[in-house]
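Given chain A, put chains B and C in place with the hints provided.
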Amino acid sequence: MSLLLSSISFGLITAAVLSIAAVGFTLQFAVTDVLNLAFGAVMIVSAYVAYAINSLGVSVWVGVVAAAMTGAVVSLALNRGVYTPFKRRGISPIAMVIVALGMTLILEFGLQAIVGADSVSYRLNQGPNIGLGSFRFSLVQLVILSLALVIMTAVHALLRYSRLGKAMRATAANPSLARNSGIRTDQVVTVTWAISGALCGIAGSIFAIDAGSFGATSTDLFLVLILAAVFLGGPGQAYGAMLGAAIIGLSTEVGAAYITPAYKDVIAFVLLLGMLALRPTGLLGNRT
Amino acid sequence: MGHNAAIFYIITLLVYGGVDALACLGLSIQFGVAGVTNFGFIIFQAAGAYAAGVLSMPGDSANGGFQSYIAGLDLPFPLPWIGAAVVGGLLALPFTLLVGKRLRGDFAAVGLLVAAVMANLLVTNYRPLFNGSAGLSLVPAPLQDSFDPQSTGYQWGYCGAVILLAALVYYLLHRLTESPYGRTLRAMRDNDVVADSLGKNVLSLRLSMLVLGGAIAGLSGGILVGFINLWAPSGWGYAETVVLFAAVIIGGAGNHKGAILGAILVPLGFLEASRFIPPFGSPGLIPALQWVAIGLLIIGFIWFRPQGILPEKRRVNIGFVLPGPQRPERLPGSSTKVATLCRRCRVPPGPQPRLRGPGVRCFASTRVSPRFHPNTGTAR
Amino acid sequence: MLEAVELTRHFNGVPAVAGVSFPLVNGRLTGLIGPNGAGKSTTLAMLAGTLPVSSGSIRYLGQDITAMPAYKRARRGLVRTFQLASEFKRLTVLENLLSAVPSQPGDSMRGALLGRRYWSAGEEQAIAEATTMLERFDLTKYANHYAGDLSGGQRRLVEIMRALMAAPTVLLLDEPMAGVHPHLAREIGHQLVALCEEGMTILMVEHELSIMDEFCDPVVVMAEGAVLAQGTMGELRNRSEVVEAYLVG
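Chains as they are written, first to last, in this note's numbering: chain A, 7 to 294; chain B, 53 to 432; chain C, 4 to 252.
Excised from the complex, chain A in its bound form:
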C-alpha cells in the first residue's frame, strides 16, 4: 500500500477505537451533564482485566467481553457512588471535573500500584493479511473495524428505534420534562451508564490490543483524542461522536504521514481547541 493508503488504514483503526469510546463518553455527558474525565481510567482498568484473562489462556475476544462487563460495573459504581451524590449536593460543573480528575488518579494509580509501572503487551497473532480493495488489513484489524461498525449500528438502532433510546434522548434533552412525561429518568441514567460503561470497556480492551504495549497511564493521551472527537461532533451528540471520531482518527493518522509522526496528536488538540473557541456546541450540536 502506498503511504497515503496505509495511513488511511491506520486512521480507520484509530477511528474505530475512538468511535466506540467517544460514543460512550458522549452518552454519559448527555444524560448526566458531567464530563467524565475518568473515562480513560475505566478504559485501562477494563483493558487490564481483559489482559489478565488472556494471560490465563482464554481467547482475546472473550477478554473483550470481560472488559465490557468490567467497564459497565465500574462506570455504574462511579456514577452511583461518586457523581450522583455530588450532583445531589449541587456542586458546580467545575468541581465535578475536579472530582473526575481525582477519580482518574485513584483508578489509574491504584491500578499501577497493583500491576506495577512496567508496560505489558498482548502476544497476539495478528492473523493473515487480507486485502480489501486497495487496502490491506490484518485479521485482527478487520475484527476491530467490524466490531466498531456493529456497535455503531447497534447504537443507532437503539437511539432511533427503541423505547429506551427515545427515553435516553428525551432525558438528555430535558431531564425535568422527561420526568414529568412519565419517563423513569433514574432508570434511564442507570442503563445509559451501563451501556456506555460497556462501550468504555470494549474500547479499552481494543485500544490495548491495537497498541504495541500499554501501561496504567496509557489512556491519558487517548482521553484527549476522545475529548477532541466528542467536542468536534458536539458534546452529548452520539452521531456527532461518530463523526468526530472519524475525523480525528483519519486526520491524525493521515497527517502523521506528512508531518513528523510525533506531532500527530497535535492535530487533534488544535481541532479541539478550535472547536471550543469558535463553536462549542460542535458540528452537529445546536447553535445557541
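Quick caveat, the hints were computed from the structure, so don't treat them as lab data.
Cβ coordinates follow ideal geometry from the N, Cα and C atoms, glycine included.
Be aware that a few hints might be false.
As the list claims (entries may be wrong) - Dumping the calculated DSSO-like pairs for lysine-lysine here, alpha-carbon to alpha-carbon at most 27 angstroms: (1) C/Lys-75 - B/Lys-309; (2) C/Lys-75 - C/Lys-92; (3) C/Lys-92 - A/Lys-93; (4) C/Lys-144 - C/Lys-92; (5) A/Lys-93 - B/Lys-153; (6) C/Lys-92 - B/Lys-153; (7) A/Lys-172 - A/Lys-93; (8) B/Lys-153 - C/Lys-144.
What the hints assert, rightly or not - Just a sample of chain B residues kept apart from chain C, beta carbon distances all over 12 angstroms, derived: (9) Tyr-121; (10) Leu-127; (11) Phe-159; (12) Pro-201; (13) Gln-202; (14) Gly-205; (15) Arg-227; (16) Tyr-233; (17) Asn-243; (18) Gly-251; (19) Ala-284; (20) Ser-286; (21) Gly-352; (22) Asn-369; (23) Phe-372.
Structure of chains B and C alone, referenced to chain A:
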C-alpha cells in the same frame, strides 16, 4: 545526616516551599477568588522556567553544543527572573478565546488541560526550542559569577529571596482581593452572567486573571530553575497542575493564607513525607500510592470540607449588626470565620453595639464558630 | 427611551420570538405580560443583551445598541434582574449591593493596587447609598449575612436592591414577584411605582394579571412569540384576544 547535609535539605525545602507557595498564590487569585479554572496552570510555570533558563544561559553552542535551544542571551540577574514573569503573563493572551462568556466553565477548563498536554508534547518533540525531552541543563544560578552557588551563605540568600518574593506577592494579592476589584472578581466567580449584567466586563477580568496568575507562575518557575539548574518536560505534565489544585482546594480556595498552607501541606509536606517512609513493595509503589492519596484527598475535601482548611472569610462591616443566633439554613461550604480588614479597629469578640452612620469605613474581625452552623454567634 | 424593533429570536430554527416591537415610555412602569412560553423572558433577555437577537434591532437613548454587549448596556444605565435566584451567594448582602455600584475607583486592578487611600472615599459613599437602600427595603439587619442564606423573598429583594444600586435609567425586571408572598409583592409593587415617580423607566415581565392591573400602565401583551396588544390596562381589558389568550394559554 551530617550537619551540612541537614542544612542543605532544610534550605531546599524552604526554596521549594517558597516556589510552591508562589505558584499556589497565583492559582489562588485565579481560581479561588476569580473562579477561572486554569487546568493548564503548569505551563505558565514551565514557560517562566524555560524563559529564565534561555535568557540566562549562553548561546546554545556553549559547553560543546550538546543542547539546542532558542535565545541564549546570557543575561545577568535579575533580568531572567523578570523575563520569566513577563513570559508567563504573555502566554495567557492566546487563551482569551477560551475564557469568554460563551464557553461553559468546565469546557474551558478542559481546553486549558488539553493545551497543557499539547504544549508538553510540542516541547518534548521539537528539540530546537528547549532541547526537547532532555530539557535544559547547566542553567546558571543567579549571580554565580560573583558568588559561589554551593556556599551556605548563597543558599540562605536564595532562600531569603524566595520567601521575600512570596511575601511581596502575598501582600499585592491581599491588596487586590480586599478591594472593590476583589469583590467584583468574587461576584464574577459566583455568577458570571449576573456580573456581566451589572456592568462587569467578564472577558477582560478573566484575561487579567490569566495574565496575573501566569506572571506569578512564571516567576515561580524562573526562581526554581535558577536553584535546581535544570528543567525538563517530564517535570511539568498535567499531573503537576492537579497537585497545585489539590493544594489550593485543601488549603482553602479563596483564602491566600490557605493557598500557602496548601502549598506547604501538599506539594511540600505530602510528597516530601514519603521520603521518610521506608520503601516497601516494588519500586514505584509508593509514588503510585501517593497519587491515589492525592486523588482521595481531593475528593474527600470536596465532599467533607469544600471550603478547605482555611476558608474564605466573610467580609463584615461593623456598621451593621453582625450575624446573630437566629439564622436560617446554612449554605454548604460557607464559613463564618470573619476577616480583619482594618487593623486599626480591633473589635472585641461578642455581640456588637450598633454603630450607625455613613462614616463607617472599616470592616471588623470577629471569630464566630466555624462549625457548620454559622449562626451560633458565639465567639471563640 | 428604549425601543424594541421587530425583535426575532430562533432556537434551533424554532422562533421563540418573532417580530416583537414596542416602545418603553419614559418614567412609566410598563408591564410585559403573557402566558407561559409567550417569549416574554426571551424578549427581556434580548433587550438586556444577555441573549443575542436573531434579527431586529434595539434602540436606546437614540442609539442602536443591538450589537452592544450586556455589560456595556448596564454601564449606560440599562439594567436587568433575573427570574431565577441570582444573588452572589458567597458575598454578603451588603457586598451584593456594593458590587453593583458603577464607576468605583477601586474597581480596577490599578485602583486596587493603589490601595485603600485611593478608593476608600468612593467605597464609603457606596456604603452610604447601600445603607439607605437597605433601610428602604427594611433588610438592614441582614447586611452582613451571606446572600445565599436568606429566604426566597428576601433574596428577591436583594436582587432588586442590587439592580437599583447600579443607577439604572431603564430597569428590566424579569418576574420579580414570582414565588414571593403576596404581601411582599405589593410592597415591591409600591416601591417600583415610587421609583417611576422619581423618574425611572421600568419594564416588568409578569405572569399575574392582578399585579399588572394594580401597578403597570401601559401594558404589552405577548402570546406565542408575538405582541398581541399594547395599551393601557383599561383599553386591553376590553380586547377579546387578550382575554382569550389568558383563558386559553
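Evaluated hints:
{"no.": "1", "hint": "C/Lys-75 - B/Lys-309", "result": "violated (35 angstroms)"}
{"no.": "2", "hint": "C/Lys-75 - C/Lys-92", "result": "holds (24 angstroms)"}
{"no.": "3", "hint": "C/Lys-92 - A/Lys-93", "result": "holds (18 angstroms)"}
{"no.": "4", "hint": "C/Lys-144 - C/Lys-92", "result": "holds (17 angstroms)"}
{"no.": "5", "hint": "A/Lys-93 - B/Lys-153", "result": "holds (23 angstroms)"}
{"no.": "6", "hint": "C/Lys-92 - B/Lys-153", "result": "holds (20 angstroms)"}
{"no.": "7", "hint": "A/Lys-172 - A/Lys-93", "result": "holds (24 angstroms)"}
{"no.": "8", "hint": "B/Lys-153 - C/Lys-144", "result": "violated (35 angstroms)"}
{"no.": "9", "hint": "Tyr-121", "result": "holds (34 angstroms)"}
{"no.": "10", "hint": "Leu-127", "result": "holds (27 angstroms)"}
{"no.": "11", "hint": "Phe-159", "result": "holds (19 angstroms)"}
{"no.": "12", "hint": "Pro-201", "result": "holds (34 angstroms)"}
{"no.": "13", "hint": "Gln-202", "result": "holds (38 angstroms)"}
{"no.": "14", "hint": "Gly-205", "result": "holds (34 angstroms)"}
{"no.": "15", "hint": "Arg-227", "result": "violated (6 angstroms)"}
{"no.": "16", "hint": "Tyr-233", "result": "violated (4 angstroms)"}
{"no.": "17", "hint": "Asn-243", "result": "violated (6 angstroms)"}
{"no.": "18", "hint": "Gly-251", "result": "violated (4 angstroms)"}
{"no.": "19", "hint": "Ala-284", "result": "holds (34 angstroms)"}
{"no.": "20", "hint": "Ser-286", "result": "holds (35 angstroms)"}
{"no.": "21", "hint": "Gly-352", "result": "holds (22 angstroms)"}
{"no.": "22", "hint": "Asn-369", "result": "violated (6 angstroms)"}
{"no.": "23", "hint": "Phe-372", "result": "violated (4 angstroms)"}
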